[in-house]
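Add chains V, Y and D to chain E, keeping to what the hints say.
Number of protein chains: 4
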Amino acid sequence: MLYHKNIPILYGLPALILVDQQVGGGKPPSIQCPDCLNSMKRTQPLLATARALDLPIIHLQEVHRRELIDFGRELDGQEGIHDVEGTAEAELFSLLQPLEGEFHMVKRRYSGFFATDLDLLLCTIGVQTVILTGQLTNVCVHYTAIDAHQYNYVVRVAEDCVAGSSPEAHQASLAAIEYHQYGAIRSSHELIKELSTRLPTPWRIPSHSTLLSSRWFMQPQNL
Amino acid sequence: MLYHKNIPILYGLPALILVDQQVGGGKPPSIQCPDCLNSMKRTQPLLATARALDLPIIHLQEVHRRELIDFGRELDGQEGIHDVEGTAEAELFSLLQPLEGEFHMVKRRYSGFFATDLDLLLCTIGVQTVILTGQLTNVCVHYTAIDAHQYNYVVRVAEDCVAGSSPEAHQASLAAIEYHQYGAIRSSHELIKELSTRLPTPWRIPSHSTLLSSRWFMQPQNL
Amino acid sequence: MLYHKNIPILYGLPALILVDQQVGGGKPPSIQCPDCLNSMKRTQPLLATARALDLPIIHLQEVHRRELIDFGRELDGQEGIHDVEGTAEAELFSLLQPLEGEFHMVKRRYSGFFATDLDLLLCTIGVQTVILTGQLTNVCVHYTAIDAHQYNYVVRVAEDCVAGSSPEAHQASLAAIEYHQYGAIRSSHELIKELSTRLPTPWRIPSHSTLLSSRWFMQPQNL
Amino acid sequence: MLYHKNIPILYGLPALILVDQQVGGGKPPSIQCPDCLNSMKRTQPLLATARALDLPIIHLQEVHRRELIDFGRELDGQEGIHDVEGTAEAELFSLLQPLEGEFHMVKRRYSGFFATDLDLLLCTIGVQTVILTGQLTNVCVHYTAIDAHQYNYVVRVAEDCVAGSSPEAHQASLAAIEYHQYGAIRSSHELIKELSTRLPTPWRIPSHSTLLSSRWFMQPQNL
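Protein chains in written order, with the working numbering: chain E, 632 to 854; chain V, 632 to 854; chain Y, 632 to 854; chain D, 632 to 854.
Next comes chain E alone, as it looks inside the complex (with noise of 0.2 Å):
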């Protein structure tokens, strides 16, 4: 597939986001994705120089609650039960966990904006690129990537830190991103150099006083 390479890689704030990395991602008969072991062990540089650059960083995690109650017609398909609360399989991968000071949401749907905060947080923080790895390629990734672009973020995907169902719709669901914003797909290698060399100012998360002296009504200037 001919990708749009020449295109700036990050536009303003970039912000990582995890798409379901966890223990069960693929695993049968729940899911089918062979490659979603391998992707998530390449997804731990990118994430590594996310960490040394302080960017903003979003772990979500598909959980379906132990009543099954939330499934929606998600097992109409070829998906199993999966994912359940409490199960092993519904675990953050181990390599990958979140640590102090990254954010964590739980989603009940494929797309990470689908009846959660995730536009919300985004938004607060100012991000204006999202980096998208994780699994699948041709269902969580897909439709956060076209979320993310109906809500107006440049959409990032690491190519090699996403894996799907089978080659064939990993590659058509790589495409059909790419269709919407040439230049979207790109290596973490590539990645990875590019946040290395722009340097981007760090984001720091605001302090308590910082916060507090940004209420309107104590400023002193104001009164």
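Read the hints as simulated data drawn from the structure, not as lab findings. Wrong hints could be hidden among the right ones.
[To be verified] To give an idea of the chain V side of the interface with chain D (calculated C-beta under 10 Å), a few residues:
1. R682
2. G732
3. F734
4. V737
5. T747
6. K824
7. E825
[What the hints assert, rightly or not] Coverage of chain E stretches by chain V, computed from C-beta distances (three or more under 8 Å per stretch; other residues unrestricted):
8. 662-670
9. 715-725
10. 734-745
Glycine included, C-beta positions come from ideal geometry on N, C-alpha and C.
Chains V, Y and D alone, transformed into the frame defined by chain E:
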């Protein structure tokens, strides 16, 4: 592709949704969609059947404001400026114009559910199955189907009444929808036959007097 | 205030929602709510009834991330920093803790529907009436009630199981809710009596086997 | 009521929002709002100022479909059938009609953010402060203000350009908004003076050529 044809076609009340059946749909240079015009023409018998059975019919129309302010990131990929308010290409296709009593909804993005009242309307009517037609299979139809699925609707796509930016993209999106709901992809012939056979109870728009009498505080038995 | 008591109390399946019944609810200096503790205690009999009848029960909990990034504009008015993740005041009140089989949902804003999966859950369960309790009448209860109303739910507020930032604000919000749904404001005594009298068909969480057998493609009759 | 007047009035780019400034606004028997007509007239100078300064201006219009299907629970309380598509009372007030280049948005519920693209539009334009006018203070203005607040916007209400179903309800809603953002309630005179003094950089709608040149793949420097 192997589709799952033995699954029931309809569950509960079905609604017919026409996705962006617009004059300019697929005309270069703004958008490529070689089969658009033909797929629009092939939609006529299905629309006629839905009308004969008095089903809820919803016409979605992608319109971007004249100020071009609401394209968001839509111009970052393959599509050019398209469907601008007041231009001929934004108009609904002449043979599929809404009649009195059918619903019409403007949208700014791909999914018919994104920043619209589509879910609110379907929910109020009591629709369980959405039958999708329109353009493009791999953009607005695909993402409307996925959101319908995420909102718990049964999704059926009239395979010959949708068209994509290329045959490959068309097929890939049909496969992606079928991945989530086995039996989602159907011919319009199948759908027409099933609708006619089942003789669904016609859906009647409530009258003013029905609505008024359902106001609780006016019901004598409640006072 | 004249309330409209002769309107039926319940329509369809009711769910009990506990809005922010948290330890710190209303404790100065973060938030003022003199009657909070008492209203939480008064919620116990209603919760016990809902449990006895096996109704869906949903516990909402306002939690702000430790990084304080998601307060948005919430600190621009009367409320101070509140309900921070990991602090004692963010914990759910000891006498109203969720049991196995009850639902729990974290929210970042006032309305329980804002950036959460509350509507998705209620819709999936098939709830028609929401019974609201919790704090503050004039903030999270008020705006959860209005969103429930906007999403087409019948709204009932247990008047003695909610508490406001002041008696005036409490009354004004009850009046504002009653403006939209006559008969919305009820005593917990009335609600308990009605629930017990109606003997609603218990709502059963579907079992794994029920769920599995509802997968269409597994149903022999469909194959 | 004590309002907090010493807080800055404007932050970033402001937008003027006219909430349901419609002919029938407040006319019995559908809705009671004694001060509606006068508040609409008092909105003219503020609208003129916003136009002179080339601010984004958004006209919200509540319209219910002729089929009455989308009233939801709106008729369960004090309000009667209102703002039906095609009726005179649903029309925008003659002296506050939108001009070319201003935005217009139909809504089905109270909050301007509910099931519309209002947040998407404000976000795309880059608006930080919303200035609210219109009817009714205690319904559509109140809940649009709260949703704006929940979406992180600075909220200002032009106190003399809004009107409620009663003086008490009007005051209660202003107090409820001020509870969340000190300094939210202002006179139109104050707002006009501040807008004129600050001489905000006029907001220009991007031209076709600007928009086209921002397409990344067309920028020579990117190729």
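Hint-by-hint comparison with the structure:
1. R682: violated (15 Å)
2. G732: Given a least distance of 7 Å, the restraint on G732(V) holds.
3. F734: holds (7 Å)
4. V737: For V737(V), the interface hint holds, since the closest Cβ of chain D sits about 8 Å away, which is under 10 Å.
5. T747: Check passed: Cβ of T747(V) comes within 7 Å of chain D, closer than 10 Å.
6. K824: violated (28 Å)
7. E825: violated (25 Å)
8. 662-670: violated (count 0)
9. 715-725: That given contact is violated, which follows from only 0 residues of the stretch 715-725 of chain E lying within Cβ reach (below 8 Å) of chain V.
10. 734-745: holds (count 4)
This entry does not satisfy hints 1, 6, 7, 8 and 9, going by the numbered hints stated previously.
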